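Each chain, letter by letter, is given below.
Number of protein chains: 2
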Amino acid sequence: MATKLAEATGSPAYTTKVTAMKKRLDSQIPDSLRLPREIVDTAPLDVTGVPATTGLLTEKELAITALDATAVCEKIASGQLTAVETVTAFGKRAIIAHQLVHCLTDIFLEEGIARAQELDEYYKREGKVIGPLHGLPISIKDHVPLKGRWASAGFLATVEVSKDDCLMTSILRELGAVFYVKTNQPQSIMHLETHSMYGRTLNPWNTSLTPGGSSGGEGALIAMRGSCIGVGTDIGGSIRGPAANSGIYGMRPSSKTLPMKDYLAYQFGADGVIASTGPMCSSARDIDLFISKVLAAKPAQIDVSLVPLVWDIPQSFPKKLRVGIMEHDGVVLPHPPTLRALAAAKAKLTASGLVEVVDYKPFKHDLGYDIVRELYFEDGAKVVRDLLKEAGEDILPLTEWVISPPHTKDHDATSLRALRKQRDDYKDDYSDHWNESGCDVVLCPPFPGTANPHDTAKYWAYTAIWNILDYPGIVFPSGLKLEPSLDVMEARSSFFSDADKFNHELCMLLFPIPENRIELATDDAQKMVGAPVSFQLVARRFNDCVLVAAQKLIEGILTE
Amino acid sequence: MATKLAEATGSPAYTTKVTAMKKRLDSQIPDSLRLPREIVDTAPLDVTGVPATTGLLTEKELAITALDATAVCEKIASGQLTAVETVTAFGKRAIIAHQLVHCLTDIFLEEGIARAQELDEYYKREGKVIGPLHGLPISIKDHVPLKGRWASAGFLATVEVSKDDCLMTSILRELGAVFYVKTNQPQSIMHLETHSMYGRTLNPWNTSLTPGGSSGGEGALIAMRGSCIGVGTDIGGSIRGPAANSGIYGMRPSSKTLPMKDYLAYQFGADGVIASTGPMCSSARDIDLFISKVLAAKPAQIDVSLVPLVWDIPQSFPKKLRVGIMEHDGVVLPHPPTLRALAAAKAKLTASGLVEVVDYKPFKHDLGYDIVRELYFEDGAKVVRDLLKEAGEDILPLTEWVISPPHTKDHDATSLRALRKQRDDYKDDYSDHWNESGCDVVLCPPFPGTANPHDTAKYWAYTAIWNILDYPGIVFPSGLKLEPSLDVMEARSSFFSDADKFNHELCMLLFPIPENRIELATDDAQKMVGAPVSFQLVARRFNDCVLVAAQKLIEGILTE
Numbered sequence: 009m010a011t012k013l014a015e016a017t018g019s020p021a022y023t024t025k026v027t028a029m030k031k032r033l034d035s036q037i038p039d040s041l042r043l044p045r046e047i048v049d050t051a052p053l054d055v056t057g058v059p060a061t062t063g064l065l066t067e068k069e070l071a072i073t074a075l076d077a078t079a080v081c082e083k084i085a086s087g088q089l090t091a092v093e094t095v096t097a098f099g100k101r102a103i104i105a106h107q108l109v110h111c112l113t114d115i116f117l118e119e120g121i122a123r124a125q126e127l128d129e130y131y132k133r134e135g136k137v138i139g140p141l142h143g144l145p146i147s148i149k150d151h152v153p154l155k156g157r158w159a160s161a162g163f164l165a166t167v168e169v170s171k172d173d174c175l176m177t178s179i180l181r182e183l184g185a186v187f188y189v190k191t192n193q194p195q196s197i198m199h200l201e202t203h204s205m206y207g208r209t210l211n212p213w214n215t216s217l218t219p220g221g222s223s224g225g226e227g228a229l230i231a232m233r234g235s236c237i238g239v240g241t242d243i244g245g246s247i248r249g250p251a252a253n254s255g256i257y258g259m260r261p262s263s264k265t266l267p268m269k270d271y272l273a274y275q276f277g278a279d280g281v282i283a284s285t286g287p288m289c290s291s292a293r294d295i296d297l298f299i300s301k302v303l304a305a306k307p308a309q310i311d312v313s314l315v316p317l318v319w320d321i322p323q324s325f326p327k328k329l330r331v332g333i334m335e336h337d338g339v340v341l342p343h344p345p346t347l348r349a350l351a352a353a354k355a356k357l358t359a360s361g362l363v364e365v366v367d368y369k370p371f372k373h374d375l376g377y378d379i380v381r382e383l384y385f386e387d388g389a390k391v392v393r394d395l396l397k398e399a400g401e402d403i404l405p406l407t408e409w410v411i412s413p414p415h416t417k418d419h420d421a422t423s424l425r426a427l428r429k430q431r432d433d434y435k436d437d438y439s440d441h442w443n444e445s446g447c448d449v450v451l452c453p454p455f456p457g458t459a460n461p462h463d464t465a466k467y468w469a470y471t472a473i474w475n476i477l478d479y480p481g482i483v484f485p486s487g488l489k490l491e492p493s494l495d496v497m498e499a500r501s502s503f504f505s506d507a508d509k510f511n512h513e514l515c516m517l518l519f520p521i522p523e524n525r526i527e528l529a530t531d532d533a534q535k536m537v538g539a540p541v542s543f544q545l546v547a548r549r550f551n552d553c554v555l556v557a558a559q560k561l562i563e564g565i566l567t568e
Numbered sequence: 009m010a011t012k013l014a015e016a017t018g019s020p021a022y023t024t025k026v027t028a029m030k031k032r033l034d035s036q037i038p039d040s041l042r043l044p045r046e047i048v049d050t051a052p053l054d055v056t057g058v059p060a061t062t063g064l065l066t067e068k069e070l071a072i073t074a075l076d077a078t079a080v081c082e083k084i085a086s087g088q089l090t091a092v093e094t095v096t097a098f099g100k101r102a103i104i105a106h107q108l109v110h111c112l113t114d115i116f117l118e119e120g121i122a123r124a125q126e127l128d129e130y131y132k133r134e135g136k137v138i139g140p141l142h143g144l145p146i147s148i149k150d151h152v153p154l155k156g157r158w159a160s161a162g163f164l165a166t167v168e169v170s171k172d173d174c175l176m177t178s179i180l181r182e183l184g185a186v187f188y189v190k191t192n193q194p195q196s197i198m199h200l201e202t203h204s205m206y207g208r209t210l211n212p213w214n215t216s217l218t219p220g221g222s223s224g225g226e227g228a229l230i231a232m233r234g235s236c237i238g239v240g241t242d243i244g245g246s247i248r249g250p251a252a253n254s255g256i257y258g259m260r261p262s263s264k265t266l267p268m269k270d271y272l273a274y275q276f277g278a279d280g281v282i283a284s285t286g287p288m289c290s291s292a293r294d295i296d297l298f299i300s301k302v303l304a305a306k307p308a309q310i311d312v313s314l315v316p317l318v319w320d321i322p323q324s325f326p327k328k329l330r331v332g333i334m335e336h337d338g339v340v341l342p343h344p345p346t347l348r349a350l351a352a353a354k355a356k357l358t359a360s361g362l363v364e365v366v367d368y369k370p371f372k373h374d375l376g377y378d379i380v381r382e383l384y385f386e387d388g389a390k391v392v393r394d395l396l397k398e399a400g401e402d403i404l405p406l407t408e409w410v411i412s413p414p415h416t417k418d419h420d421a422t423s424l425r426a427l428r429k430q431r432d433d434y435k436d437d438y439s440d441h442w443n444e445s446g447c448d449v450v451l452c453p454p455f456p457g458t459a460n461p462h463d464t465a466k467y468w469a470y471t472a473i474w475n476i477l478d479y480p481g482i483v484f485p486s487g488l489k490l491e492p493s494l495d496v497m498e499a500r501s502s503f504f505s506d507a508d509k510f511n512h513e514l515c516m517l518l519f520p521i522p523e524n525r526i527e528l529a530t531d532d533a534q535k536m537v538g539a540p541v542s543f544q545l546v547a548r549r550f551n552d553c554v555l556v557a558a559q560k561l562i563e564g565i566l567t568e
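As given, the protein sequences belong to chains R and Z, one line each in that order.
Counting the first sequence from 1 gives a position; our numbering is that position plus 8.
Counting the second sequence from 1 gives a position; our numbering is that position plus 8.
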């Protein structure tokens, strides 16, 4: 079991409220699904196998929870599964998972089963599904409102029971989806980890590591198979980071293509860089399922901020797909497992002859990252400090880190305009650079390494760079994991940047390293073991359909 | 001839520079096309007929300059016209027009003819056109760069010779277009009139009136038939206002659909409300020609800020088109000619049975207009005052008006975020309102009356409301003009707003009014006579293709 880590704290008033919230959440775990204390206390670092060993899930439930969303929909539509047994299976497993990795913020399985019951009756009566997602259990990130359920914008001061569904959940409900849990996100929703007033979410593959964030509750839950598909959001990597850390699939579509109307936020009107919402799921085809069905509901007719993206995945490419490989961004060198996986992918893609493989050189990712960090909090994060103060909430280290100078300033209109011009110029220059490369897509790391130890995820640029550019990205598993016998970190004496040095030293401390290099305390030696190694594939803005088709082709080559 | 109006002024340094600029412009008029002083001095208020009487244009040139852009392209492509004779005809007429209405800022007909010569040679040699706009003369607004030509962002401090084409003019050039003149825009590019350091552009139909702005040079030039199509920009009505005042066609597409990359501006990075660029032209089909050909060049692949709009004009509608008629916006009642034309259109559309006609009620247009005015200058217009100061340029009355409190403030990041939230909320609420109306398109006034006397165009909301919403709009002529015998203004004692009172009093002062109402000095009695009455048709954001198809259908009904 992972070392006990500090909890979020605050004033007595904060503690009173948060204690009540945690009690409410704990009370939502039915006694029948409560894990014995010893199972929790003696769980191995890798808890993904635990649910199957608890005896709480039937063979059929274990089989159901192994399915991806597409298979779930197919099996329910063809009568091989009922909605009730599907929702029950995922719901039970989600509750078990939560006790191991603290991934949930609201549990309402009975409500989900009641809806599933209605859907089964509809199916029986009408002989058909109510919609393409009939009976599909979907997990939902905390700040995405579901009528009657708890939600927050990442601070105690923003906790509320949602009066209504937001547009996204309303569409999903119309399509037949069933809701049953909401998932954890960090304070401020601006960590690439997941530590909130509800607690700290752990990485299922190694609980001493972070599942990433901010949609880390989703990532951990799906890796635990307590959900096959969930809804996340991403303004700096918050879908892709946790998807990578938990070894699942996640897509950040081009912003303003999927509806975020009425999602909770605490900087409404801030539009220097735009968040995006998208699926986190168990397979590439689930991404297509989710987006195609949501877009078919024509959300742009209701949410006028949306761009009506035509969703039409090409079945082939007019000429051989040109795949750029970016091993590092010139600012921070990724850890050995990431470089190993990318090198293997490059070799396999090249050998296949099915795509054209070229090296992709990054364009001033340090500059782009500086700009996007400044855009996140244009008021110097006064809004964050005010919200913390309002509820007596103490600031967490990663919140402090993300809002601290030099990357945040309290701007006036003139300096803000200059900052946005800098952003626009960067985007223009980057576009020219990308066009000169001739790449259709770029395969790159999603993070400068696999899942980090808690409280260390400070270099977001591998994902955030695509947020400032608004290039869509898909994260998917390489199939590899960190392996001590293969992933050996060489000592380095020169570095690209301070962040590079930090990232290197983190690795030197935590990787298993041969004795002739650096000695480590035995306790630490296994700390990063088991972490999944993931890829990120990126395409130009609004080339979401090209991206989905390219990911399918590339994953096909890599796994054949 | 119109009364002599005040010229733009400034410091001695300003005067020296501007005098040289005006001298340069005047020297670009060849002696062979210089109008005798008496023709200019004794011209009637309506100067549209003057070019044909000068003896400077041949019958063929008069016939060529009567064509729309689509016909020009067809005739050149089929060998009925050469590029040289076409460019020569429009160029000569443009130079004549300029001497009557002061619509140009740069004249380079020789360069245009030289290019036309190359195109003719290509056509002769290859037996085909170089591109779909082969030989088409296109006039260009001052702040839209053309390589080697003068340009400015509306202030002397920003005047420069452009080093390169911008993306738009580069695409048009590739498509075969020929450039020959640039057109006037007002100081700050933020008047709905056209008064700049180069002088004041006059309305061809009645030179005591404004041609509107800020693309007023384009509007006046096209109404004078010195161009059949030109490029304008619109952030508050700057395409639609001048199109309306000059009785031509103009479309403001949804923003970020046509490229504005490298257009000159003086608030780069300001993105609270986004400008749009589009065609001003001689027919509805010219709008389709222009946009379809520019989009076919795939500008979104180069300008990454663009949304890749699919340009596919529906040939019919799945159900009868629902047309809302908005006679007024609840804030300022339009002048009688506008109301007369709308009432006639409503009757005709209803009687046709070909569309469903309903009354469209505006939704808080006063609020929307307040918000958009504040968004125009988020720094309280410091940037404007600095640019004026830099070159010793005096502020013009309409610049002072547009940047004055209460509608401009120097914001900080926090208040700016609140303002943008107010904008987003308004857009959301408006979208719900529009959806409840069930309208596909709304037919409404483009301005609270026909062309105003100079220096009085202060109520932009009939166009600016659609800028904050980013709903595309087409302005097109009703075929009617202000007629003293029909357009009688009733005295009113109560008003919607101060702006309504201003607009009413303007009309009472200037309209011909029966003796039993209000007596007017005879001099003033004819002041607004001859002004074209125009319509504005609007559709939801990104429904540009629906809009173009609907305008065609509606204009067909109205003119049959």
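Note that these hints are calculated values from the structure, not bench results.
No experiment lies behind these values; they were computed from the predicted model shown.
Watch out, some of these pointers could steer you wrong.
Copies of one chain are not kept apart here, so a pair can be met inside one copy or by any two copies together.
Below, simulated EDC-like cross-link-like pairs (lysine to aspartate or glutamate); rule was C-alpha separation at most 16 angstroms, straight line [unchecked claim]:
no., residue 1, residue 2
1, K269, D440
2, K269, D437
3, K429, D279
4, K155, D172
5, K390, D420
Each hint, compared with the structure:
1. K269 with D440: between (32 angstroms within a copy, 12 angstroms between copies)
2. K269 with D437: between (31 angstroms within a copy, 12 angstroms between copies)
3. K429 with D279: both (13 angstroms within a copy, 9 angstroms between copies)
4. K155 with D172: Within one copy, since 4 angstroms is at most 16 angstroms while 55 angstroms is not.
5. K390 with D420: Answer is both; intra-copy 13 angstroms and inter-copy 12 angstroms each pass.
Of the hints listed earlier, there is not a single one the structure fails to meet.
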